[in-house]
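*Asks:* Protein chains in written order, with the working numbering: chain X, -19 to 466; chain S, -19 to 466.
Hints in this document: simulated from the structure, not taken from any laboratory. Please note that the accuracy of each hint is not assured.
Unchecked claim - The calculated BS3-like cross-link candidates involving lysine-lysine, where the alpha carbons are at most 30 Å apart (straight line), are:
#1 LYS38(X) to LYS41(S)
#2 LYS3(S) to LYS38(X)
#3 LYS82(X) to LYS426(S)
#4 LYS220(S) to LYS3(X)
#5 LYS318(S) to LYS41(X)
#6 LYS178(S) to LYS220(S)
#7 LYS464(S) to LYS426(S)
#8 LYS318(S) to LYS232(X)
#9 LYS3(X) to LYS41(S)
#10 LYS284(X) to LYS41(S)
#11 LYS38(X) to LYS38(S)
#12 LYS232(X) to LYS3(S)
#13 LYS127(X) to LYS82(S)
#14 LYS3(X) to LYS232(S)
#15 LYS220(X) to LYS3(S)
#16 LYS318(X) to LYS259(X)
#17 LYS82(X) to LYS127(S)
#18 LYS353(X) to LYS342(X)
#19 LYS426(X) to LYS82(S)
#20 LYS3(X) to LYS38(S)
#21 LYS82(S) to LYS82(X)
#22 LYS41(X) to LYS284(S)
#23 LYS41(S) to LYS318(X)
#24 LYS38(S) to LYS318(X)
#25 LYS38(S) to LYS41(X)
#26 LYS82(S) to LYS186(X)
#27 LYS232(S) to LYS318(X)
#28 LYS41(X) to LYS41(S)
#29 LYS3(S) to LYS41(X)
#30 LYS82(X) to LYS186(S)
The structure displayed is predicted, hence computed values, not measured ones.
2 protein chains.
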Amino acid sequence: MSEQGVTPQSVDFSAWYNDIVVKADLVDNPERTPVRGCMIIKPYGYELWEAIRQGLDKRFKATGHQNAYFPLFIPMSFLQREAEHVEGFAPELAVVTHGGGKELEEPYVVRPTSETIIGDAMSRWIQSYRDLPLLLNQWANVVRWEKRTRPFLRTSEFLWQEGHTAHATYEDAQAETLRMLDIYAEFAIHEAAIPVIKGQKSEQEKFAGALASYTIEAMMGDGRALQAGTSHNLGQNFAKAFNIQYVDESNKLQYCWTTSWGVSTRMIGAIIMAHGDDKGLRLPPRLAPIQVVIVPIYRNDDEKSRVMPVVERLAAELQDAGLRLHVDRRENLSPGFKYNDWEMRGVPVRLEVGPRDVDNNKAALARRDILGKEGKQFVDQAGIVDTVRQLLEDIQASLLRQATEFRDGRLHEVVGDYDRFIDIIRGGEWALTWFSGDAEGEAKIKADAQAVSRCFPLEQPYAGESGPCIVTGQMTDRMAYFAKAY
Amino acid sequence: MSEQGVTPQSVDFSAWYNDIVVKADLVDNPERTPVRGCMIIKPYGYELWEAIRQGLDKRFKATGHQNAYFPLFIPMSFLQREAEHVEGFAPELAVVTHGGGKELEEPYVVRPTSETIIGDAMSRWIQSYRDLPLLLNQWANVVRWEKRTRPFLRTSEFLWQEGHTAHATYEDAQAETLRMLDIYAEFAIHEAAIPVIKGQKSEQEKFAGALASYTIEAMMGDGRALQAGTSHNLGQNFAKAFNIQYVDESNKLQYCWTTSWGVSTRMIGAIIMAHGDDKGLRLPPRLAPIQVVIVPIYRNDDEKSRVMPVVERLAAELQDAGLRLHVDRRENLSPGFKYNDWEMRGVPVRLEVGPRDVDNNKAALARRDILGKEGKQFVDQAGIVDTVRQLLEDIQASLLRQATEFRDGRLHEVVGDYDRFIDIIRGGEWALTWFSGDAEGEAKIKADAQAVSRCFPLEQPYAGESGPCIVTGQMTDRMAYFAKAY
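With the rest of the complex left out, here is chain X (with noise of 0.2 Å):
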């Protein structure tokens, strides 16, 4: 264990993660969360959830989404009436009873998704073609009773933004499918500084009820691959399931297409395993709740006296710039134990001013990617703004470009070698390689190297092209990523 009590990522990268998100205050201790399965998240990891939810809801608005509201209960006999969606979250739900001191007659489920009470209002605000696109979203909580948790990753209530469309044509419902996809990927990348990858889910692995699931995958720092944020096509499903219908402009009664697609705080989790080191965290500029951490260096009231008000104009300048700024002004702590409890919370860059600082009008910054001398630089207190400002959004690039180089240097194309193939996955690394798609072999790949395929790339490496599939030998005309998941 490191002196913040973190195992490093290279002993036991299970047992780093677990350590961070507590050490690093974005969750209370799981062990002594007193809700089975359930996360507090603590205000510094409800920070990184607002700058993502800012982020995407900015998105949504701007193209065309509007939030609504949907109660929290859904009766059970809503779940029932999409054959397989009941079927995909039957054994997770959580169900209420008792309400009023009474017995309810129907018991309510806590919502684990919304599609089905969304529908049953679609149906109701929907009469016409005019009507339509209907293009809602929701932040919300969801309840899905998970056996093994983990904070962000897998817990039985998360927050998430699920956003549900409804269409004229199976067209349009798809162009909104592949649209919210292009936005978390955008997102993902610009802001999380995560290289996602986006895809086709298999028909084994799409969502309860869908027609076609789009995710967008992420390599984690271990080679595993995480779902960061899924888009479905639901066809026509719910529509028949809960009467969602039109009339179009020839006066006859059709049926809607539906989307939904969400993104939920397991991005947390991406972002901490995507970019985390052995040191912590690191966070990306755009969405880190604090950007700046300034550490005033002084050994005695003169020095302190001399230092502080520096810091205290630094401090108002960079705040005034709408940079997210903390001044650790701990006293009786040694800047180096400063400097390492900061490294761990990832903050993406450091000021220190000393009295040396002071007397020269100068100011050390270092950057949270580049540990040590190298990435540490004396910078001129004048024009500090710009320089923090440029620096940021190189910390922000260099973050992208780490985890790209990361992720190239671990995907690989295996064509017809299926002991390789299994070698590779089973390696922690990723395989992309020709898939029918077939369940059987989707099968049997999970049993051999317990991982089932990731996605169908939407950027096909040889497009138009066949190859013969890696489990079936059957000719097939798209590729698909396998690897051990999140």
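Once you've looked at the hints, dock chain S against the given chain X.
*Replies:* Positioned in the frame of chain X, the structure of chain S alone reads:
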């Protein structure tokens, strides 16, 4: 019923409310909402909530509070640890008895409020005086099973924020309690244009488990009172129930003093009923989802081709200036219909552009708070942003002024005359009178007037003096407001 199908306020205030929340698209029709007593908040209503949320959140953060998130579920045993608390909430609980296909060992309640689960977390997070004050807030949904529900006013599920703080001393907790009450009042007055009265609840009316509860009380358009936000000094009640302790500067273990405070989607109901008129909503400009609606006026394609470019140009100018704007591009609807529609939805300013306006470089501005010719003016297109901004400020001030005049005309001071006191309340107005706070006395007033005390206002008209309690006759030093309430 008016042409929009809204019962006039003057005919039946309650029917007006029920009509307007649906017709103005704030909520889905409650009779069609499939989950008993839960609301579906439609986009127009949710935007109003987003504005409230943003306005409050900004104020909380500016006063050092941090957002966090705690579990939706609370072990039943937690509620039972504070005797008054469980007694107050037990009849309203929704209970989860099954999860993941199995019956739970201990049932969970869906949070009706989070003092208990947050108190438990505080007991782990607070060690010493250095950890105090701990200033937390949570944006969440809560559930209180209600028999009779009305959108925004009383629903089984609602959205709110709940602040929870811990302090070293009674004085600190009391200062926080009143600070947050001030923030609520300032928000209500300046953003929602509602002249609320700050006061303390009687012992009978305080929060279950609190030492003292404070409230902001608003007068609705029918004279009834509505409690629009509350702030509670919880004393050491929850600290003792959940063992929230700290080591003080002299190394002694002490119990903390805690507070909690909340504002909910009820605030939307307050805005509707404080400002609405026979025509529908009147939204305060600072919170209105749409501040300006542009209605283009033309009778044929030629006129349309001249009008629309001006509309688009003005729309772009206003939008670029950060105003929340909507252009009503609907075809086949008369301008008159559109005027009524937007008046019903409460948009503060309507901007009309017709062919003659185009010729004269003019536009018409109609204000929602003054209907008809009196509230309409023709203005230059040049400088439209400043003109509209100024008008919005005028309307904001005018709504507050109107609500204040309305309220002040219905506040009556009564000393000694019990019959007159009861008549005032029964007549739908507010009586301010000497009140000892006596429980039996309050019960008698309730029986006689179907009303209890709203609050002892913090601003007492005769501070330092005494008078005879209106019901017991004993001398007392505080006056209280009584009124029928929502």
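*Asks:* Would you check the hint for LYS82(X) and LYS127(S), treating anything up to 30 Å between C-alpha atoms as holding?
*Replies:* Answer holds: LYS82(X) to LYS127(S) is near 12 Å, not above 30 Å.
*Asks:* So if I understand the rule, the pair passes when the alpha-carbon distance is 30 Å or less; does LYS178(S) with LYS220(S) pass?
*Replies:* 29 Å, holds
*Asks:* Does the alpha-carbon distance linking LYS3(S) and LYS38(X) stay inside the 30 Å limit?
*Replies:* Holds, because 28 Å separates the two Cα atoms, which is no more than 30 Å.
*Asks:* Is the Cα-Cα distance between LYS82(S) and LYS82(X) 30 Å or less?
*Replies:* 20 Å, holds
*Asks:* Quick one, are LYS82(S) and LYS186(X) close enough, alpha carbons at most 30 Å?
*Replies:* 26 Å, holds
*Asks:* Keeping to a limit of 30 Å between CA atoms, is the pair of LYS464(S) and LYS426(S) held or broken?
*Replies:* At roughly 9 Å apart (the allowed maximum being 30 Å), LYS426(S) and LYS464(S) satisfy the hint.
*Asks:* Taken at face value, is the distance from the CA of LYS41(S) to the CA of LYS41(X) at most 30 Å?
*Replies:* It holds: about 24 Å lies between the C-alpha atoms, which stays within 30 Å.
*Asks:* Assess, step by step, whether the Cα of LYS318(X) is no farther than 30 Å from the Cα of LYS259(X), and give holds or violated.
*Replies:* Roughly 13 Å separates the two Cα atoms, so the pair holds.
*Asks:* Is the Cα-Cα distance between LYS353(X) and LYS342(X) 30 Å or less?
*Replies:* 17 Å, holds
*Asks:* Would you mind confirming whether the straight-line C-alpha gap from LYS232(X) to LYS3(S) stays at or under 30 Å?
*Replies:* Holds. LYS232(X) to LYS3(S) sits at ~27 Å (cutoff 30 Å).
*Asks:* Given the hint that LYS3(X) pairs with LYS38(S), test it: the Cα-Cα distance must not exceed 30 Å.
*Replies:* 28 Å, holds
*Asks:* Is LYS41(S) close enough to LYS318(X), meaning Cα to Cα at most 30 Å?
*Replies:* At roughly 24 Å apart (the allowed maximum being 30 Å), LYS318(X) and LYS41(S) satisfy the hint.
In summary, this structure violates none of the numbered hints.
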